[in-house]
Amino acid sequence: MHSDTQYEYLRYIGEDAAERKDVLNELMTAYGKDVWNFAFSMTRKWDQADDISQEVFLKAYRNLHTFRSESSIKTWLLAITRNMVLDYRKSAFLRKVTLVDAFKEQASERSAEGEVIEALAVNDMWKQVLELPYKYREAMILYAHHQMSMKEISQLLGVSEGTVKSRLFHARKKLADRKGDDQHGPDGLNG
Amino acid sequence: MDPMDSMDKKLKRDLSGGPLTRNGFDERIQQRIRERLDHRAVPGRRSWLLRFGGWSAGAVAMIMLIMAVAHLGGGPPAGNREQAIADFDPAAGNKENAGTLSYSTESPPQTALLIALRKDTAGREGEMSSAYRTLLVTADDSLPKKVAEDSGILMPYRTNFWRVEVGRVDLGQGEYQVAGAYNTQTNKKLDKPLKLYSKEGNPREIVRERIDYVGNRYIALTREIAAPGVKGEHDKRQEKQETTWVMEVSQLGQARELGSLTAGTEHHAVASAGPDQPLAAFLSNEEDMPMGTELIHNWTLTRKPGRWIAEKLLMPGTAAAAPLLQEIEQELDPTIVQHNQLDIPWNDIRAVEPAAVDAYTSPAGNLAVIMTDRRLLFYGMKDQSLTNLGFEEAVGQDERIIMVQWAIVPRYVEMWKEQAGSLLTD
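Just so you know, the protein sequences line up as chains A and B, in that order.
For the first sequence, position 105 matches number 105 in the numbering used here, and the numbering has no gaps at all.
For the second sequence, position 284 matches number 284 in the numbering used here, and the numbering has no gaps at all.
Hint data in this document are derived by calculation from the structure and do not stem from the laboratory.
Ideal Cβ positions, reconstructed from N, Cα and C, are used throughout, including at glycine.
Incorrect hints may appear among the rest.
[Stated by the list, open to error] Just so you have them, the derived chain A footprint on chain B, three or more residues with Cβ under 8 Å:
1) 26 to 33
2) 296 to 308
3) 312 to 319
4) 346 to 357
Hey, can you work out the whole structure from these sequences and the hints?
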């Protein structure tokens, strides 16, 4: 449907605003859901996913000419998304450490996030993956949802392939441990 | 099969789709991105530096201004200028800023209060309709009394009073219930105060708005978008979505475009939650939105006993459930809510009115409003204690307060009595 090779011309794109907007619309149609879902999966917050996905496409629009077809356009957008998420996490951390009542805030945030996920997650597996620690969740989503190779994941995360494998191992273990705790039966992880 | 392979197979199968059943990247977000492209200059690295430089210069200027104000004994906060009619008298310096401590003790305290309520009623088809009313109450050294009352909302804004209305607009094919506002000084008794148009035909969706909060220059509203029923009428069984928005009253005074309402792309006030700063609001079409802060597009103001709080929308409401809101645990900037405090301890209020569920006190310290499930009680007040009951007003079970605006400067109290009193009795 949207082959990445069709975006090779981006490196030659000029300053024509109409042309750039056409490309942006095309990217939003093809990858908007991927970007928003990745942002939501990493932040677990609806409004932050809204904000981040907007910033991602605005940034992509401004930097269309920097795209190199060595990576796929989707990987490029996910990399921008990840950087935006990290920026948000940093600013959220700074905000939390300045609050006296930080523990209370964290507790209420968790509760509200949990309600959205509980109400809207497509299945139990997603619910469990969304509860994984950040680094394991990130690796698992890139691997199992986006079905990226170890090499692609390692390049996107800026870590070695060994580190990616290690994170995936721990992610699987946590999911399996949870499965053992929950005893979900035949539809569980080992089914 | 290797257990790990089996597990990976299941993981890839179960995670093949997105995490949620609802699409977050909808037309609303795409439209916002396009609008921001149109409204915002493309910032390069240099502009980041310039922005930072600008912020630094602004911060230095602000610090100097604060120091100068402190040295001179205070001046009006810049954000309060729109409330001139209520709180600031240039001739009298900053004594009239809404804080209780700054009120002059040389003359007896005076208060004029505009308080608006919304009553929700379920119709035969299950659809909700809302009715609004506004009361003008005054108090000086005698007990509070009701001066006037009228249906609708009358709010003080800048140096005038504005009518805020929610009404039905018929565009030929569909009927829409939307909010609008007009300046009573420049528009006398408008026959059609609600200005709604459509650029591209009439959307089939049903649009219903209701007002949740009115204060200073902001209006918080809930917008319901629903698919029409068989006869083109609202059907509660149809899929519907409720989102919350905050807008400036002047925005509601302009003609509104139906398509941008249904797409959620109309200009609105965005809450900015920065570290160590009170929650402030900016217009969504402003070029220089604050950076390094969380920007919240869908938010509202609700009431906790004794104070207003801001809440952000986590998940739009549906036919089956109300919108999911989360409190933004930050102090509200006075440009959003002024005098957001209760000057009488709750125990003292409940000692007098055990059924009290909420209460408000005048910045002038001479009037308290206590709300129970059935009544609004207007008490006199002195030295942060209740004196005697001035009068009481019956309220319905489905009635809630959406606006409480105070005037305590004597000449504005008089102006409110005359102008607002007249507008509410015409």
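Each hint, compared with the structure:
1. 26 to 33: holds (count 4)
2. 296 to 308: holds (count 3)
3. 312 to 319: holds (count 4)
4. 346 to 357: Not satisfied, violated; 0 residues make the cut.
Violation of the numbered hints given earlier is confined to hint 4; every other hint is satisfied by the structure.
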